[in-house]
Amino acid sequence: MKHLIPEFEKMKERYPEGFESSLVLPCLRRIQEDRGFVAEEDIVALVDYLKVPRIQVEEVLSYYTMLRRKPIGRFHLQACRNIACSMRGAEGVIAHLSRKLGVKPGQTTPDGTFTLTEVECLGSCGTAPVVMVNEAYHENMSTEKLDRLVDELAAGVRAGGK
Amino acid sequence: MTMPGRKVIMNFEVTPTSHSLEEYRARGGYATLEKALKLQPADITKEVTASGLLGHGGAAFPVGRKWGVMKPIPGEIHYLCANADEGEPGTFKDRWILENAPHLLVESMLITSYALGVRHAFVYIRGEFDLPYRRIQGAIDEAYAAGYLGKPVFGTDFALDIVVYRGAGSYVCGEASGLITSIEGRKPYPRNRPPRLTVRGLYQKPTVINNVESLANITGIIRMGAEEFRKIGTAKSPGTQLISISGHIAKPGVYEVEYGYPWAKFLDEDCGGMLHGAKMKCVVPGGISTKVLTRAEIEPLTLCHESVNPAGSGIGSGGMIAIAEGTCMVRLLQVLLRFYHHESCGQCTPCREGMGWMHRIIDRIVEGKGVPEDIDRLYAISAANDGTTICGMGDAAGYATVGILNKYRDEFEYFITNRRSKFDGRLECLA
Numbered sequence: 001m002k003h004l005i006p007e008f009e010k011m012k013e014r015y016p017e018g019f020e021s022s023l024v025l026p027c028l029r030r031i032q033e034d035r036g037f038v039a040e041e042d043i044v045a046l047v048d049y050l051k052v053p054r055i056q057v058e059e060v061l062s063y064y065t066m067l068r069r070k071p072i073g074r075f076h077l078q079a080c081r082n083i084a085c086s087m088r089g090a091e092g093v094i095a096h097l098s099r100k101l102g103v104k105p106g107q108t109t110p111d112g113t114f115t116l117t118e119v120e121c122l123g124s125c126g127t128a129p130v131v132m133v134n135e136a137y138h139e140n141m142s143t144e145k146l147d148r149l150v151d152e153l154a155a156g157v158r159a160g161g162k
Numbered sequence: 163m164t165m166p167g168r169k170v171i172m173n174f175e176v177t178p179t180s181h182s183l184e185e186y187r188a189r190g191g192y193a194t195l196e197k198a199l200k201l202q203p204a205d206i207t208k209e210v211t212a213s214g215l216l217g218h219g220g221a222a223f224p225v226g227r228k229w230g231v232m233k234p235i236p237g238e239i240h241y242l243c244a245n246a247d248e249g250e251p252g253t254f255k256d257r258w259i260l261e262n263a264p265h266l267l268v269e270s271m272l273i274t275s276y277a278l279g280v281r282h283a284f285v286y287i288r289g290e291f292d293l294p295y296r297r298i299q300g301a302i303d304e305a306y307a308a309g310y311l312g313k314p315v316f317g318t319d320f321a322l323d324i325v326v327y328r329g330a331g332s333y334v335c336g337e338a339s340g341l342i343t344s345i346e347g348r349k350p351y352p353r354n355r356p357p358r359l360t361v362r363g364l365y366q367k368p369t370v371i372n373n374v375e376s377l378a379n380i381t382g383i384i385r386m387g388a389e390e391f392r393k394i395g396t397a398k399s400p401g402t403q404l405i406s407i408s409g410h411i412a413k414p415g416v417y418e419v420e421y422g423y424p425w426a427k428f429l430d431e432d433c434g435g436m437l438h439g440a441k442m443k444c445v446v447p448g449g450i451s452t453k454v455l456t457r458a459e460i461e462p463l464t465l466c467h468e469s470v471n472p473a474g475s476g477i478g479s480g481g482m483i484a485i486a487e488g489t490c491m492v493r494l495l496q497v498l499l500r501f502y503h504h505e506s507c508g509q510c511t512p513c514r515e516g517m518g519w520m521h522r523i524i525d526r527i528v529e530g531k532g533v534p535e536d537i538d539r540l541y542a543i544s545a546a547n548d549g550t551t552i553c554g555m556g557d558a559a560g561y562a563t564v565g566i567l568n569k570y571r572d573e574f575e576y577f578i579t580n581r582r583s584k585f586d587g588r589l590e591c592l593a
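Top line first, the protein sequences correspond to chains A and B. Residue numbers for the first sequence follow the numbering used here, so the first one is 1 and each next one is one higher. Residue numbers for the second sequence follow the numbering used here, so the first one is 163 and each next one is one higher.
Just so you know, the hints here were simulated from the structure itself, not pulled from any lab data. Treat the hints with caution; some may be incorrect.
Said to hold, decoys possible - Coverage of chain B stretches by chain A, computed from C-beta distances (three or more under 8 angstroms per stretch; other residues unrestricted):
no., segment
1, 244-253
2, 289-295
3, 324-336
4, 344-354
5, 400-414
6, 580-591
To be verified - Below 27 angstroms or equal to it, Euclidean Cα-Cα: the simulated BS3-like pairs (lysine-lysine) are:
no., chain 1, residue 1, chain 2, residue 2
7, A, K70, B, K349
8, B, K169, B, K200
9, A, K12, B, K367
10, B, K200, A, K104
As the list claims (entries may be wrong) - Residues from chain B that face chain A, not an exhaustive set, calculated with beta carbons under 8 angstroms:
no., residue
11, H282
12, L498
13, Y561
Given the structure is predicted, the values throughout are model-derived calculations rather than measurements. We put the beta carbon where it would ideally sit given N, CA and C, even for glycine.
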């Protein structure tokens, strides 16, 4: 985490004074973006840097669904299953993804390429069903579009590209 | 999406560059800020109060009344937060503003901060939003570079900093006090009132939290004046409402609707009617926490608070979901209860335990293992949650449940008796 401190210092500039505690969440988000998850050593370093109690970092880390303490697959497929997406075929989309990847929701493919997660409303109901691939929204999904998307991502990994 | 009627927010053509500072300025952007800075702060609050603007986050609380509590006293610290934690299922209107009119929000936040004596403001944006985050952060960066943020603006001594604070996946952060606790770097447990957040909010300082759409209206109100603004909409619901419509509708999307517009006309004509020409069964008016209304019930209604509220529901967050005939309401309620269970923060016992209990009951019914008493039990848990939790989530889950049970009890009875759905467990609309 230590190499991110200059970035954190810059971030701090726009906050009012005395907002160190507020930096816990943005710092954790940035650490996860960097490493893919939040490691034990990150927690120790963050506690030391922000001078907040460790329990506070643990509390935030364990509460928010987007934060994690273990690595996941290279591509995180998050499929929405809330009302609007379900009404537009999300259940079929998730079942199809599960079959295609050979994993159940919550699991990662053995080669570490894909993690499939079911999530609640992503605020994209008008373009349902929606699947997130890492940060990006993929909207109006169908089984055909998913096949193309997953195949392209897998091919990219095999070719050694990003 | 295009809509007849007057517009306050969606009043320009969206192009790949229409969100930029350059084009916002070409549309007259930041001229209203300059005008506002010549007024006394109290006059701006007075104008907003006179406009009758109602909050767009779901509760329709008068914006002016919220602001009125906070007097800008020199030397006293006040905060402003734009609530962009849009997470009520069915709602995606604030996303439209963040993506397409981010400078309108920035300008409105500048005007609001000047009115309320705020030096530091926050945009609390839900963690999953990616493009909306990049657009609003991009607009704020542009505004810093142009000198609207970070230093005294237009020769006055008023200056503002805006921080975009990204959530990390939690529905409760959309509740104003949960949002504040989240910004304080803790688990977003909502807080008991009083004290109101305008008295003791972020880090115990007076704080105004307004929904993104509510704030986006401020520039328009100051530009045209309260009197002109009140000519839009109805007497009791001035202005417009961004309605995000989804579900079994032919043309889903975000529409700016002038309050008082006929509801049935909106669905049948502007939204293109139901998907595949299906018949409409019912509609969720404004986010899943508002009670469903049948097609027959909405027929005489217009889209404004004074028309929808007496029908036992509400405009809420403007997250409308159209549901076609042949949809299984038992499975639909299962989806909703799973969501509420998942999102309960766990602070209050009735919600923490009640959501899980209701979720288990509905799962049991859908598995064909329901018993006749289950329906009464869902009613009883909903009643036990009502008013017994710190935030409104416990109540909301009950309203949604009771709303569906009252109107579609026969489907639940059928499911329990026959151990299968009356409509094949269908959630999708058949072609």
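To see whether the hints hold, each was checked on the structure:
| no. | hint | verdict |
| --- | --- | --- |
| 1 | 244-253 | holds (count 6) |
| 2 | 289-295 | holds (count 5) |
| 3 | 324-336 | holds (count 9) |
| 4 | 344-354 | holds (count 7) |
| 5 | 400-414 | holds (count 6) |
| 6 | 580-591 | holds (count 3) |
| 7 | K70(A) - K349(B) | holds (20 angstroms) |
| 8 | K169(B) - K200(B) | holds (26 angstroms) |
| 9 | K12(A) - K367(B) | holds (20 angstroms) |
| 10 | K200(B) - K104(A) | violated (61 angstroms) |
| 11 | H282 | holds (5 angstroms) |
| 12 | L498 | holds (6 angstroms) |
| 13 | Y561 | violated (15 angstroms) |
Comparing the model with each earlier hint shows violations of hints 10 and 13; every other hint is respected.
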